[in-house]
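First residue of the sequence shown: 16, per this note's numbering; consecutive thereafter.
Hints were generated in silico from the structure; no laboratory data involved.
Only a predicted model underlies this, so the values are computations on that prediction, with no experimental measurement involved.
Using N, Cα and C, we set each Cβ at its ideal position, and we do this for glycine too.
It is possible that some hints are incorrect.
[Claimed, not checked] Here are the computed distance ranges between Cβ atoms for each label pair:
#	residue 1	residue 2	range
1	Leu173	Pro331	43 to 49 Å
2	Lys324	Arg162	43 to 49 Å
3	Pro345	Lys136	56 to 62 Å
4	Tyr285	His227	17 to 23 Å
5	Gln327	Ala150	48 to 54 Å
6	Gln334	Ile144	44 to 50 Å
7	His274	Lys136	24 to 30 Å
8	Lys136	Gly239	27 to 33 Å
9	Arg209	Pro158	25 to 31 Å
10	Arg282	Ser154	42 to 48 Å
[As the list claims (entries may be wrong)] No more than 27 Å apart at the CA atoms, straight line, and that leaves these computed lysine-lysine pairs for DSS-like:
#	residue 1	residue 2
11	Lys317	Lys351
12	Lys241	Lys343
13	Lys343	Lys324
14	Lys295	Lys317
15	Lys171	Lys149
16	Lys241	Lys171
17	Lys317	Lys343
18	Lys328	Lys316
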Amino acid sequence: MRDAADKLSPRPPAQRLTLYAALAAGLGLVTCVAVPAKDNAPMAVQSVLAAGADLPATAIPPARAPTDDIPPAIPGSADSANAQSGLETPALAGDPSEIEDTAVALADEPLREVFWTAHEKLSLDALAIAWGIKAAQLSELNPELDREAPVGEGTKLLVYRHDPEHPPQSIGSPNRGKLRNGMPLPEGPGWRLRTHRPRTYGTVNTIRALVHAFEDFGERYPDGPKIRVGELARRTGGRVPPHRSHRSGRDIDIGYIFHGIDDGEHRWKYMNVRNFDAEKNWALVQELLDTDQVQTIYIAKKLQKLLHKEAQKHLPPEQLAALFEYPKTPESPHAKIQHWRGHSNHMHVRFLCEEGNRRCSARSK
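Take the sequences, apply the hints, and build the full model.
Structural data, given as structure tokens:
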């Protein structure tokens, strides 16, 4: 048993150095320590790296799991090499605004200018509010308009002109991020936008993918119903109550296609085995997936099973397992289509970060 004096005696130099090295490695520092040689030889200097130090696994705390109104992105569907291997891409440390600007996608020629149509006779100020754009900007984009005169129903107005020096950019995560210079989703013959559109903006790759998918679906079903478009993000991103996501321009809600008469209303319809049009909904999901820009699609599990039956007609079992969480398979945790509560009347599609955008975080925090 050690006496009191022995307990108070200083630790041997080698032991102290080992403790210092372990502490520095745990903090992610590079530390040079002196290692005593045998036979009182001169002390050698050795570099200790956190990545290579022989430390217990408990030295580095585990990362916190992300939270959101919908689950975090599925590792097997993200846009990075780490995602392909099933590893979660770490979020960039610090405030996204502190990270240097990086290149983002530029708009295709058809998307360099976007026009919207006045749904009724309104003042320019009232249209600006309905469309989520400042009246001064709307006036600047349409200099021929009289600011004091009402805008006639059916008048097409320029609501966006692409600026390659200031392109749209997703910043941060879907549930804590923002959107810079958001691009509005254009009007189109095969889809239906709401008249109130302050939450109809996204990144270039999100808008481009949606336009291509909607147009291709329209070609497959020229007499089919128009796709109901819900909310994306505000022009500058940020909070979109009651959603906890939809903040960074990469999320969109899309109404399901149903059997029966389409009354032209924008409201969602709850789906069941009787009214859910599995053929057309699967066709729409296919067109979205074919853009190669989809990260995850959230669909209620009862509807996934109906889609799965339809998809069986076109895909082999291994591809079905990679796509659907339900029916359950060993691949379900990594499937592209996932279940989350509240998606029995619409699907939620999350798109990838723009290629090369280091300020975008793929996963929710």
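**Study point:** Those earlier numbered hints the structure runs against, lowest number first
**Key:** Checked against the structure, the hints that fail are numbers 2, 4, 7, 10 and 12, while the rest are satisfied.
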